[in-house]
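As you go down the protein sequences, you meet chains H and Y in turn.
Counting along the first sequence from 1, when you hit position 92 you're at 92 in the working numbering, and nothing is skipped either side.
Here the working numbering = 1-based position in the second sequence + 1000.
None of these hints come from the bench; they were simulated from the model.
Any given hint might turn out to be false.
Far from chain H, some chain Y residues (derived; all Cβ distances over 10 Å) [said to hold, decoys possible]:
1) 1108
2) 1113
3) 1379
Now the in silico label distances, taken between C-beta atoms and shown as ranges [what the hints assert, rightly or not]:
4) 1492/Y - 122/H: 58 to 64 Å
5) 42/H - 1551/Y: 24 to 30 Å
6) 26/H - 1564/Y: 54 to 60 Å
Note that beta-carbon positions come from the ideal geometry of N, C-alpha and C, so glycine has one too.
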Amino acid sequence: MLFRIYRYDPDKDAKPYTKEYEIELRSTDRMLLDALTRIKEMDDSLSLRRSCREGVCGSDAMNINGKNGLACITPLAGLKSPVDLRPLPGLPVIRDLIVDMSQFFKQYHSVKPYLVNEEPAPDTERLQSPKDRDQLDGLYECILCACCSTSCPSFWWNPDKFVGPAGLLQAYRFLADSRDQSTSQRLDNLEDPYRLFRCHSIMNCVDVCPKGLNPTKAIGKIKDMLVKRMV
Amino acid sequence: MSYPIRKFDAVIVGAGGAGLRAALQLSEAGCKVAVLSKVFPTRSHTVAAQGGVGAALANMGEDSWHWHMYDTVKGSDWLGDQDAIEFMCREAPKSVIELEHFGMPFDRNDNGSVYQRPFGGHMQNFGAGPPSQRSCCAADRTGHAMLHTLYQRNVRSNTHFFVEWMALDLIRDESGQAIGVTAMEMETGEVVIFHSKAVLFATGGAGRVYASSTNAFINTGDGLGIVSRAGIPLEDMEFWQFHPTGVSGAGVLITEGVRGEGGYLLNKDGERFMERYAPNAKDLASRDVVARAMATEIKDGRGCGDESDHVLLKLDHLGEDLIESKLPGIREIAKKFANVDPVKDPIPVVPTCHYMMGGIPTNYRGEVVAPNGDDKEAIVPGLFAAGECACASVHGANRLGTNSLTDLLVFGKSSGNSTVEFLKQNVTHKDLPRDAGELTRERLERLNNQTNGESVAEVGAALRQTMQKNCGVFRFPDLLVNGVAEIQEVEQRVMRTEIGDKSKVFNTARIEALELDNLIEVAMASLVSAEARKESRGAHDRADYAERDDQNWLKHSLWFKEENRLDYKPVHMDPLTAETIEPKVRTY
């Protein structure tokens, strides 16, 4: 199988280039990450992040044949050869397939992604009905891989001002939590022409999410909450 | 040329569950703490834990921490320290409640309380049964939910993270006190001395010493390598847990929660074979017992598939609704890595290296202890450890499912508290020794200047094969002796690894070479300790010594890198307040 991989090492390369690698697939090479691990054994200068190799840590997000995804859960069998691999779009490249995710995490942090409940903590758990708990499904599972935000044109244009789909999904995860008491501050924090309203429902985020989550829907719900608050 | 120095009150190495939990104690106490992590905190391996965290909340029926303690001692095959086990089981409910208050999205019962599922080895009535529902969970993504919750709480507490920094070596002063670490910023390759008053290791496991492992690539035992190079022993390293249900071929974990929810194992005859090995607990026996039973079935020709090399985990009878609500992640994994939809077909599984029971010796307060003169457990001042990298020892010879998350919550917090206390008593920084950073410099220069060496991938593969072949579920005297000799050869090769990539920028080849320096210490400690222990206990099962031998071996192993030697220390049989649980025959 032929791979065409974006390469750039600022320590020695004047500019980025594409390098081709041809490898014979083995029966044990199931996922794209297996192939990349083999390529790295041939050329140890190829740099990428990876850890859990099962789609839960969010390290190995990259642009695979034009679409963002996780290398570790992308089956080789489903890929068209040659396989074009590039770093996630829209973020500064540190080296090869490794991007600088500072802006992405800054936006995540900006939504105050933690439960706020100032009441004195009881001796037991705070009760939550199964129905209320169900509201968190499809939200808390986010792995912060950035596939969504880096596929979003609005995030490309305004990564410093638009929270982006990942951050907004987490903003809604806390808005939707029956235990959280910070609803109005959370909404104040998002009521802004850029932070929330740069989302134009293009839905690239939904298309690429490796966990099958739906940030656009969550963003719609935040917008609903803002509308309801006005009337 | 000396490395630049940055000063903090404390340095925490590792930002998984234990490191994050410890960091909260320090941040909230107002200490200036640096948390170093090779990966962004939510990418740590705690994220992969599935089935739940054990705590006797008694939400599902009667339960008590005494029963949890009994199960843990029995699960450990009496090698666990009973003071630490009591502490963990007693603190567990508080720790879980606290986590819920932090925002953890636990599954719920109709009355709004936290849902708990059954898990292997957890029983009511001091082991008599029936099974206890003690595992608090968030579907089958408990570790993910926990890790994110703990990270989020640290965001709230403004914890200072150094993301993608790899710690390299420990700095101790002449008295032996831990006063800092060297660490490399991966993005720039720059090495910095973190000068502190205390150091806390929470670097997780080292399952990557085996060829087949449920562990993430980052689980390379960095904390263990670092402390062993600094003269501190590693405890009980012969005890490795093989999780019964790794996906055959891929190694990816399938939670024991599947069996907790009612799934069971089948051999090629369609027989539910665990009934023969553990008549009472059946598929919910301890992991060592189930893994051995599976390996025996496969060895005796009752394995499934063309190669008869796995058994089947059946759960289709649970129904799609339950699988979707309680085990959705498993369904996803089975589809992706085994090509089966468990709603219809069983999952092919094999015992797979999963957890390191041994580690850096600590007491239940998370203080690192090592022999000093006559004292086998002298406190190493300024040094703390928690989570999988530590050996408190609560897991002894075999860990119960759910107790890893319990361990990291309880001991993450207690080690954090101990560190805060230590900082109150030790307000000034001790002077750095003149040679601070020298070991790191030697290692990096050796690697940069190596010629005619071998690739890290080749030597790493040899290391993993040596462990896989000689130190598996069943252990044989000739293989253990052979394994020690082989790993000594591998050690020579590790000292001559060569990297092609010499770039300063995010050089993952260099990182992998430095990780191999840590893996070799872990592998050496494991094989040497395993070869020496002439009994079968928990996960250490020897063909030539089939029985547990309390007379001679009810003791912890301590491996020292220097001279590759072993020492031993007694097991703590006295709990803090409860009565001693006396050793007896262990059946399920």
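Against the earlier hints, flag every one the structure doesn't satisfy and list their numbers going up.
1, 2, 5 and 6
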